[in-house]
Amino acid sequence: MKERIVGILTELRPEFDFTEEVNFIEEGMLDSFDIVSLVDELETNFNVKIDGVDIIPENFSSIDSIEALLKKNGMA
Amino acid sequence: MDLKFKNKKVSGILTILPKRVVTFEEEMVNYNFPEKKSLRLKKVMGYNTHRVAAEGQCSSDFCIAGLQYLFDNDLLDKDEIDAMLFVSQSPDYYMPPTSNLIQGHFGMKNDIICLDINQGCAGFEIGLVQAFMLLEQESVHKVVLMNADVLSPKVSIHDRNSKPLIGDAASITIIENGNNNEEILCSVNMDGTGALAINIPAGGFRTPASEETAVMHEDEAGNSRSLNNLVMQGDDVFNFVQREVPPMIDHLLERANMSVDDIDWFMFHQPNKFMLNKLADAIGVPYEKMPSNIVENFGNASGVTVPTTISYNLGERLEKESFKMCMAGFGVGLTWSSVLMKMGYLKFNKIIEF
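Chains as they are written, first to last, in my numbering: chain G, -17 to 58; chain L, 193 to 546.
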């Protein structure tokens, strides 16, 4: 799952290396509109619906947090 | 705050749109973002075209055009109007009230209440509640609610957060006493601690517009705007809406002893398709019951979006049929408000251009 998430992020912002262990939000790698686009891509690729109240920056700050978000919203 | 009314009805809705159509692609060149990224955003948010007022056109011009249309077509008698509510964030002047200007333009009677209300995204619901309260008075039989905003001149052309979604428009809604005993349930909520999440920093008395406030600044996301421009903390507004609106609707339905299935239409404010779909998911409303096609066609004109949604999606159907309708607005203030009522057999429900 992690590799697929990295792939989606890289497609969204090819200028950044999302395999680095940094905070994507604090480092400015994802802005609010990237998050909206990311949610759309994640929902399509993983066939889940992400709850609106979960669309907050901290849930998109790392690969682990995105993975946790997907699992919380129904990803097996 | 829970509110309840009886024996009131909406008897007509007219939406007035500017003729000028601007496309997302036309404006995209002004944004400091790669084209691919902007187009992806267009798809997810549902941006496409929006209506923009011509230079010099003010909110009152659209209201006057709409009222003139209703008078000319015998859909409204100006002598029967007991109150004029003008809900807007773009009045013609600091003073006098724009509602008085409109009343004066038509030479309406003097025993009338003219009232300007500074509200935006929830302005239709706030206006309906105010109209219902006025109609509790024996001397008030017919209220004209005017929602109008021409905010496009206040939005920077280099602001991708706001420019693609802002539209200009007005609506005129007639509210009067009815003879049915059916309850109208309303909810009004405010949180001024978040008041500056959507604001125009300069131009009022606190920070008058000046050469300094007109200087453009680039934010972290690459949008450029001055202090004279509208600024929206998109993340905060999105989170506020997702947190507050679903419980408000759940509570409204609970008070009515109804479920989502009992409601024919959820006519909500139209910030963007993404936010509306997330709200629909949270409340458990099928997308087809909650239209989200206004931003893509006309733009978000604050309190005008709910009447536009009703006019555009139901049109003449609402002149011949009746529906159980849940309306909700949320945004500037911060304000979130909703109205649950039966609406139908209107005298008119249409869109005109001006």
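These are computed hints drawn from the structure, not numbers from a lab. Warning: the hint list may mix true and false statements.
Unchecked claim - Below, simulated DSS-like cross-link-like pairs (lysine-lysine); rule was C-alpha separation at most 30 Å, straight line:
hint: 1; chain 1: L; residue 1: LYS334; chain 2: L; residue 2: LYS465
hint: 2; chain 1: L; residue 1: LYS235; chain 2: G; residue 2: LYS54
hint: 3; chain 1: L; residue 1: LYS481; chain 2: G; residue 2: LYS54
hint: 4; chain 1: L; residue 1: LYS229; chain 2: G; residue 2: LYS54
Q: Any hints from earlier that this structure breaks? Give me their numbers in increasing order, please.
A: Failing hint: just 1.
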